[in-house]
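In order, the protein sequences belong to chains Y and E. Letter by letter, the first sequence follows residues 1 to 596 in full-length UniProt numbering. Letter by letter, the second sequence follows residues 1 to 596 in full-length UniProt numbering.
None of these hints come from the bench; they were simulated from the model. Treat the hints with care, as some may be off.
Unchecked claim - Simulated crosslink set (EDC-like; lysine to aspartate or glutamate; CA at most 20 Å straight-line):
| # | chain 1 | residue 1 | chain 2 | residue 2 |
| --- | --- | --- | --- | --- |
| 1 | Y | K351 | Y | E245 |
| 2 | Y | K431 | E | E580 |
| 3 | E | K87 | Y | E245 |
Note that the structure is predicted; figures quoted are calculated from it, not measured.
There are 2 protein chains.
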Amino acid sequence: MGTSSDHSPMVHQSWRGIQAIIIWFILLPIIGVSGGAKTRHFKWEVEYMFWSPDCVENVVMGINGEFPGPTIRAKAGDTVDVELTNKLSTEGVVIHWHGIRQFGTPWADGTASISQCVINPGETFHYRFKVDRAGTYFYHGHFGMQRSAGLYGSLIVEVGEEEREPFHYDGEFNLLLSDWWHQSVHNQEVGLSSNPFRWIGEPQTLLINGRGQYNCSMAANFRTPESSSSSSNTQYSQCKFRGNEQCAPHILRVNPNKTYRLRVASTTALASLNLAIGNHKMVVVEADGNYLQPFSVDDLDIYSGESYSVLITTDQDPSKNYWLSVGVRGRLPETPPGLAILNYKPTSASKLPISPPPVTPRWNDYGHSKAFSKKIFALMGSSKPPKSYERRIILLNTQNKINGYTKWAINNVSLALPPTPYLGSIKYGLKNAFDRNSPPENFDENYDVMSPPTNPNSTSGSGVYLLSFNTTVDVILQNANALSANVSEIHPWHLHGHDFWVLGYGEGKFSVKDEKKLNLKNPPLRNTAVIFPYGWTALRFVADNPGVWAFHCHIEPHLHMGMGVVFAEGVHHLNNIPNEALTCGLTGKMFLSKNN
Amino acid sequence: MGTSSDHSPMVHQSWRGIQAIIIWFILLPIIGVSGGAKTRHFKWEVEYMFWSPDCVENVVMGINGEFPGPTIRAKAGDTVDVELTNKLSTEGVVIHWHGIRQFGTPWADGTASISQCVINPGETFHYRFKVDRAGTYFYHGHFGMQRSAGLYGSLIVEVGEEEREPFHYDGEFNLLLSDWWHQSVHNQEVGLSSNPFRWIGEPQTLLINGRGQYNCSMAANFRTPESSSSSSNTQYSQCKFRGNEQCAPHILRVNPNKTYRLRVASTTALASLNLAIGNHKMVVVEADGNYLQPFSVDDLDIYSGESYSVLITTDQDPSKNYWLSVGVRGRLPETPPGLAILNYKPTSASKLPISPPPVTPRWNDYGHSKAFSKKIFALMGSSKPPKSYERRIILLNTQNKINGYTKWAINNVSLALPPTPYLGSIKYGLKNAFDRNSPPENFDENYDVMSPPTNPNSTSGSGVYLLSFNTTVDVILQNANALSANVSEIHPWHLHGHDFWVLGYGEGKFSVKDEKKLNLKNPPLRNTAVIFPYGWTALRFVADNPGVWAFHCHIEPHLHMGMGVVFAEGVHHLNNIPNEALTCGLTGKMFLSKNN
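Next comes chain Y alone, as it looks inside the complex (with noise of 0.2 Å):
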């Protein structure tokens, strides 16, 4: 195995390769090494800055002068130290390590109200965490809808020193998906926090790498079969890149005849996703850090907050170039398709490729998605789920009203995350800091999911799923209509702190009788997974993992407008919560008025 360059000649990233020489040279020293694991140190700083990621120039959340932020590649049992400075002028921060479970350390999970205070600006927070695990991993921002402003960027654990991946590859290449808005994230939320509501749109660009072209396409002389129009590449002209253009396309520089890994992630705010390579089959083989039995597709689809690895095996024709491309799913698309360039070598990278790029399949196309996820299994030989959940928390997805104001609620409950992180008003037992009623387990069994609420008034709150530690708990995840009628969305849910089980996806209402048709065989293990529109999805994990735990919607604006709930597990096991994850709020006037 070894890593092939992503350096092109129509790429020439000149100035960021010194940076990278500079900061590598600066970073070898201060490597630690301890026995086979490393502590690899990341001195990063998060600021604004003006960035051009679909060639309209805007402003960007950005580490360290990149955007996205820095790739992290670290080995299996290493541990990764980021001393994170907030250089905002007046926003808090943090930073989520998306698929890291985090076992010990669940203060550095980085999310605000949960796991720790923001990073206020001009301070520093030291992220200091185990990788205990090889796979594709990706880090964001969750503060806000700050992930949508921009703050993400990669996190490639290796398999360690002593072991290997249970399949083969000559070189790999490293995409993470976004999509991107030229409006600003601050309008963003206040047209979504605003009555009446003010919804943000399709994005105007999806993102390979952080690299998309608005206004304009690469493949501007096809045509997609597509229903929405503006997804026709006709009605573009084409882009021009010299190459070291800030949205110049991502090139994936191969050489004929080999096996290369793509390291596939979304950290899209809003769209669900579909890739696929011209004439090049893929061979799916990890999802979120654990590994599948092994499947082939002619495209792949991801939802936010997923990360696949998939296999190509580069035996077309060396003398052509071939489109990677990527589509929405699940929402009548607005955005044309995101472009990368599959590059054989010799050939030059500025010869585009002649057949015209891969077509996402039909938007609504539910079955295809459906069929996708349910090729999904673990690699035989992975753990396997205990045959039986000691709780079971049945989770209700509606759209709702609450005083004029839209939102999504959980079991009728809004989460409106309290000021004072759960991590710290949990372990102190502080009485205010958050509603103390556990929210609902279930919700009426009259409700009919397939219509819209009869009654969509909801209500906000704060309340906390307390979990007996290391307990069994299946969560069914039952989707419904939205306020609108013949509405019903997808809504890919993210777990933090644990993996669990995908026992099995359904339509309709989730009904006791459903229960049989469960696979406890081989479900996969995920961070994430999705609610098709009117089905719901049925998961297990163990709540193993002391610390508190967000579960959510990913798609961001869903979260901000209360799509989530709180799982929290043997708090009182944590003793050695660093102080400067809770210098603020109650926790913080807790410590001062013991002194005064």
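Place chain E on chain Y using the hints.
Relative to chain Y, chain E alone:
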């Protein structure tokens, strides 16, 4: 004395009117009474909202759904208690009570990094302070550039029960002046902090009580003889209003043959202003909460951070209305005048004045500005300055470069505010909270203030001028040439926690022989004083207010670029700083570590 209504047939703010009535009935029971003085309680929520201050929709920072924020009215001796909740998504917030000296309550001064920790999203802070002196004040954000985002309002202190003003008036109006940009403050901040530097440019609109008109004019039929073509009104179409628009002009509805007090305050981010009323002279009677020796003017210069009361007599033809016009001074104007209407009863407010709006003096007629400033003297019988100073600090104002970034510096130090508020770090003797070396008291005697700096490189710092308690301090503000040749700008300097006596203005570099010309007889007390291009301004104050106090250019982007200093005095006398003011940064950690 009575209070006239601002209501007019043209401005039917029915919902706001009803809101005001509701709020009044809610507030009635919670105005605490103790002796003659009352405690006035306010419950405020700060949040972003859509608003059209100049007929163009934008996002503004509002309070309780209002822009500008609610007007506070109190009587001298009252206590104001504002319970401020931060409803922003990711930004901290503080509010500074501009002109209130905060004797004994320096933690309520509302300056981030100086007097308190910022109020984080979801948190509440109580500002509780005494308004000990009648006058025209205002309040505004003092974190990042949140004032520019619209976080401001008026604070009017009437004379106490047993007092009376030294002048008569029959009614009063309140005019809060500001300037407005269409670019978001977040983006403005990024531009100012970028290399290459991006200046914010001139404002799109001048606002009077939060109301202006972009791209159209009330007075479209008149040609103004201003040199800048853009300030001619003829290029604009006529603004049409039903009267209930957020950008409908402010109407001053007056009875004939009465005397009115106009309370004028400027919280502009950038613009120096001049105000005039067609056919009406103004008698200036108050500045920054201090009575003046009355003097009559045709127009009033007002710089950001200043307030004035002027008296007008409604002795003109009552069958006509008259323009009140506000224009830009000191910078080549690219912003049309802000307009309001002086409406004589019973004439309809919708009858536009037949004479053109008064013309602002030529922007660079500094002689006019200086003549105005030199007319300002304290009312006979006002307190006089000590005859001599015990410490003199000379502050050279220069524009500089730090690592390629454009900054403003004082004696070659550009202020970089620390994350831990000085009030706590000085009180508790924290070692690493800010630069322990005192900044320079003077500058190189060979420095040529008439030319660009020969070496523009500067340094940033967070040092403090520690003032011995109760000593008399003179500050000489020395202006100089900016980075470009033949450029020297106006800077209005504002001192927190004190008023100062303005002892004099002069041209060129201040020298010992200028001392004799200082006015120790009847200098006005102010909290804001301007330095004119290439000139100096001499101030004197007594360091008699225990606390830490900002002294800075009140131009918002200039402060953002480092144009300020910090004074501290008598901090050891403070034994009752509320905990919640210090729950952040190193003071927060100090208290936590004491417990662990």
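Comparing the hints with the structure gives:
no.: 1; hint: Y/K351 x Y/E245; verdict: 18 Å, holds
no.: 2; hint: Y/K431 x E/E580; verdict: 18 Å, holds
no.: 3; hint: E/K87 x Y/E245; verdict: 39 Å, violated
Consistency with the previously given hints fails for number 3 only.
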